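Number of protein chains: 2
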Amino acid sequence: MIQRYVYGSPLPTEAVVRDLPVLPGDPECLTVRKDASSISFSMPLEPDDMIFGLGETVRGINKRGHVYRSWNSDDIMHTEDRQSLYSSHNFIVISGKKRTLGLFLDDPGEVIWDLGDTSMEEIVITSLNGDLSLYVITGDSPRSVSRELRGLIGKSYLPPFWAFGYIQSRWGYGSAEDMDSVVHEHRSRGIPIDGVCLDIDYMDQYRDFTWHPEKIPDLAGLVARMRRENIHLIPIIDAGIPDDPEDRACKEGLEHDAFVKREDGTLFRAAVWPGLCFFTDYLNSRARAWFGSLYRPLLEAGVDGFWNDMNEPSLFYSMEGINLAYSVADELRGKNLRVDDNWKLQGTFAAVANNRDDYKSFYHDMDGLRVRHDKVHNLYGYGMTRATMDGMHAFDPDHRFLLFSRSSYIGAHRYGGLWQGDNRSWWAHLKLNLQMLPGLNMCGFLFTGADLGGFGSDTTEDLLIRWLELGIFTPLMRNHSALHTREQEVYRFKSWENMKNIITVRYALLPYLYSEYLKAVHHDDLFFRALAFDYPDDEIACQTEDQVMLGNECMIAPVYVQNTSGRVVYLPEDMLLVRLRAYNDMDLVPMKKGHHWVDARLHEALLFIRRGCCIPFASGKIESTVDIPDHPLYLIGWDPDEQGYTLCEDDGISYLEGTERTLKPSDPALKDSVIIRGDVQ
Amino acid sequence: MIQRYVYGSPLPTEAVVRDLPVLPGDPECLTVRKDASSISFSMPLEPDDMIFGLGETVRGINKRGHVYRSWNSDDIMHTEDRQSLYSSHNFIVISGKKRTLGLFLDDPGEVIWDLGDTSMEEIVITSLNGDLSLYVITGDSPRSVSRELRGLIGKSYLPPFWAFGYIQSRWGYGSAEDMDSVVHEHRSRGIPIDGVCLDIDYMDQYRDFTWHPEKIPDLAGLVARMRRENIHLIPIIDAGIPDDPEDRACKEGLEHDAFVKREDGTLFRAAVWPGLCFFTDYLNSRARAWFGSLYRPLLEAGVDGFWNDMNEPSLFYSMEGINLAYSVADELRGKNLRVDDNWKLQGTFAAVANNRDDYKSFYHDMDGLRVRHDKVHNLYGYGMTRATMDGMHAFDPDHRFLLFSRSSYIGAHRYGGLWQGDNRSWWAHLKLNLQMLPGLNMCGFLFTGADLGGFGSDTTEDLLIRWLELGIFTPLMRNHSALHTREQEVYRFKSWENMKNIITVRYALLPYLYSEYLKAVHHDDLFFRALAFDYPDDEIACQTEDQVMLGNECMIAPVYVQNTSGRVVYLPEDMLLVRLRAYNDMDLVPMKKGHHWVDARLHEALLFIRRGCCIPFASGKIESTVDIPDHPLYLIGWDPDEQGYTLCEDDGISYLEGTERTLKPSDPALKDSVIIRGDVQ
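Sequence order for the protein chains is U and H. Going by the working numbering, the first sequence opens with residue 1, and the numbers climb by one from there. Going by the working numbering, the second sequence opens with residue 1001, and the numbers climb by one from there.
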């Protein structure tokens, strides 16, 4: 059951798709305190209460014991003390023996979530806007509460099937030669691949909707050549439009009056990659429609996937900010600086980026409603995602396109996917990215995945292998890294064949993964779940934070530690271990409920199938998603019931309804099935 | 066996205490490559090779799979990609089925340790100086190889017994009132404590060897008042001496010609807390003796413990560096900065701190040998530690003093302890600090411990409790935090009684911990060891990185994860679990070899005693180390042999030889002993 309460004058976020009646008064479960402009909601925590949700955030699956801050931030250091990342997803579920309770704050401004940090025994949620809709959701389990929320916020984005293929990316790829080389290195070795990303260097001087005239002389030709190799090109688009009258997007944007302005009506400018930029008012439907139209030349050239970046928005500096920094520097110049002044000098240039004063200095026109940016800050990336997807639908309403964004807010999950941001080549981030998945799913973001191998810092061969072993299970499976870091395409490494073999497992699993993805979309369900969702009465399962449930039949337990040949896994029930080395090389080990040391050498991924279930695998070696229909399925399971597995399918590219069919273990057509029967000792 | 090889002209580091003959040629196990000035040593790695050592470094106990860099650095972000921390300890042990091999590079310049990072199958160690002594140590186990090294580098520092008591510290304590209040809050609640640290604010304008005239009007009176409460004051001393003719240390230093100089003979200056400073030439014996004499007024006032800081040395900026930054800023001022120029501007002020060019711009006079600083950079903190301890010995040769430093090099372990640097209130650092301990011990640094609760960032109540549960086992047990972070004295928290109870466990354990510490000092042994050292044939033990052996009888397995009521522990043999809540409240659970889920609620610490062993506990509640002799001992063990436990003792304060006595389980005098006999099911 969902109860809606309204405080102040909520802004039109379009996060929800159902207009619920507003209840009078305050929810019984919360103590409400109003301040001059802010409002806070508090409630006591029971010792056994766990807190799930909050989407893209640092720390564990259970979010209890930290202060989080909804404020979309371009901050590359995702250490555990961080309060904000690129997205803000204002939904939590509090779950304990006494109750299960969901709270969704539809509030696009800054919200502070003190989840048992200041006091271990209390939650305090503070909205600095004081204008919001609060949805209180009750249900009999965290999964059902999450489903209620999902029903309220609308169906999740459905990408084309090819977007589930392996994607190679790197900041630095900019030319047609780069693309050809990357594809050649994969295809010539038989490493499966479906897409290659173009990062900012493909543009002409970092200007959106341009391509470098020498590096990519014939875009349509390149796209067509790639397509013959079953490769999709996926260019990046940034939020800022350069202040340059020679720039087409800039000229058009000025003509369309599409950019955000300061209080005095002058245009707001701040620097991003190409220098000083204007920023499209994505909260205005007219500006959104114009921006969406800018993708058309790329779409016409055959591009059918994009990633939107820098849309928190990331601001390197404004002229006001940088001039202030210079004046501080002038004041301190030549002085013998004791520590306070030294820090002031050090801090002044660092503070020009993503400065709060800049975010308070411009306004949106929300179709007639003028709103200062900081009040709606967390909507900006959402608006860009929506503009893009609307533009693609306007270009071709019948086909699905790939789109994923860095910044988002609940609502954006209907228009595109989300990658897990600019992580680093840290083992700690392999674990963090695993732990983010259930919370992102709860907030509707099903199409997601991490930069495999890590974006910042230098990867190592073993870290990349282990990360691929997680990536084969995430809907978005992209290897991406930053300029000046170690090159991390799999073919750079001595053990590339092991990595290739792991990627072949991804393709063998795709029928199952895609089917579970479709079910999660259609039934507002979770592709990834905390073990606590499935085994609420099992205290150890509830505390297990380095394993997650995948789909309805499986659990994954990746290795996220260096220099190990296995790990301890907790099985909350009997499960069949599938130790995966390649599409055609795996061990099947039925295991009883409990703790186990499970061998997992560097080139071995771990999948666990619940006893009583079976899942389909595609047979044979597959190098691209287009080949999958040609590969017969077979089942693997331990004591599956005769119902077998219900496979959801569709054509993978249109919005035509899909089909369901039952794969039964007894079906002689599934002749390669491996079904294990009976108890193990 | 130790073999010594010499390359180039090694500098006199005084890391070792034995002058070994130099062997001709190169060691058989290494491939040696010489470059213009650098030299590198490489060897292939076997798949099962583990690498231990390197002292204070990030990442796991097994150092394989990363590049480390010996270059003492004041860097507060101890993330896993960091190559350098505050100290450099150039000793590793490579251990696998094929061989056990130690390598010690006595080289005080920059050394790069590529331990299977660039290639997973190779170690490459590069000395940028090219001048070094290389010691190749063979033995039948990592422990015996470590002992060989320890015999070469000399006995580890022995602090007074009181230094093993609980110490409270915070950046911000500066006045006599602060001291009185902290002590009162502990003593009035019966929270055991033996020392309080004074961070930089006790000084007059951050000037070493001063104290603030208003905040501490009567230093000797304060020290005496504290001593009546059995509290030792531990002031901080920094490396830089302010360039101020009014400052006594500055004046004396100039008179003694004790400061480092540039190539042209002018004094080198760089800013630290008090602004521009001179830097004592700790590599010169005359300057060292002078600097050591500066402690005398504080010693005469009764201070008997110090911590030395900022001695990498940390340099906030030099005039040359900051002027360069200003010139870059001038060049870019007013321009529309595309990304490269923006980064240049951002980076230019950040780069003034700890700049390599500054470290190359001054020289040491190593008793007649003129050496550019960067060639001997890693000796600087060592020299300061030595100056301090020599000064204290000159003041009173018969008594032991507490001293711990931030920066060090092998050799400094003979003169003082080391705290694990400016960590953060991260669960990840609780684990990191555990994982650092065995490597530090291998390099001779036995007296060590982390800032409990974390230095930077805000702690949480549960993190502090868990960190105390590790801290009760480390020789240095100090709660320390940074200015502007959440106050983290235990009495600030609702569950302070649980924390107090955990601290009482520390005092009950002190007879055992001190005895094992003495054994480790006297026998060149390890107080903390990787499980791989004790169970080399147990593959799972070798890979267990979140548990360490403590002394000869015990293993610890702290909880380092939030929101959990226990953890999985691997027992490499039968062990007795001692689940500790207070000195008089514990569970004893005999457990068989293997993996176990072990309950450990928030206020419960875990200790494991090997079956066949017993260890002594002091009975009764103890609030200060001075009380310990009044508290009778008792034994706890599971099937201990009749030899019982050999207790090492001394008077805790002088250098007089200690005694050994055997505590037998059958001794009726140890009447409170709890001895468990026989098998468990």
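Keep in mind the hints are simulated off the structure, nothing from the lab. This one's a predicted model, so the numbers in the text were calculated from it and none came from an experiment. Any given hint could be a false lead.
As a list, the in silico DSS-like pairs of lysine-lysine whose alpha-carbon atoms are at most 30 Å apart [to be verified]:
1. U:Lys335 / H:Lys1251
2. H:Lys1344 / U:Lys494
3. H:Lys1335 / U:Lys335
4. H:Lys1494 / U:Lys98
5. U:Lys97 / H:Lys1494
6. U:Lys335 / H:Lys1344
Here's how the hints hold up against the structure:
no. : hint                 : in the structure
1   : U:Lys335 / H:Lys1251 : holds (22 Å)
2   : H:Lys1344 / U:Lys494 : violated (36 Å)
3   : H:Lys1335 / U:Lys335 : holds (26 Å)
4   : H:Lys1494 / U:Lys98  : holds (23 Å)
5   : U:Lys97 / H:Lys1494  : holds (24 Å)
6   : U:Lys335 / H:Lys1344 : holds (23 Å)
Checked against the numbered hints above, the structure violates only hint 2.
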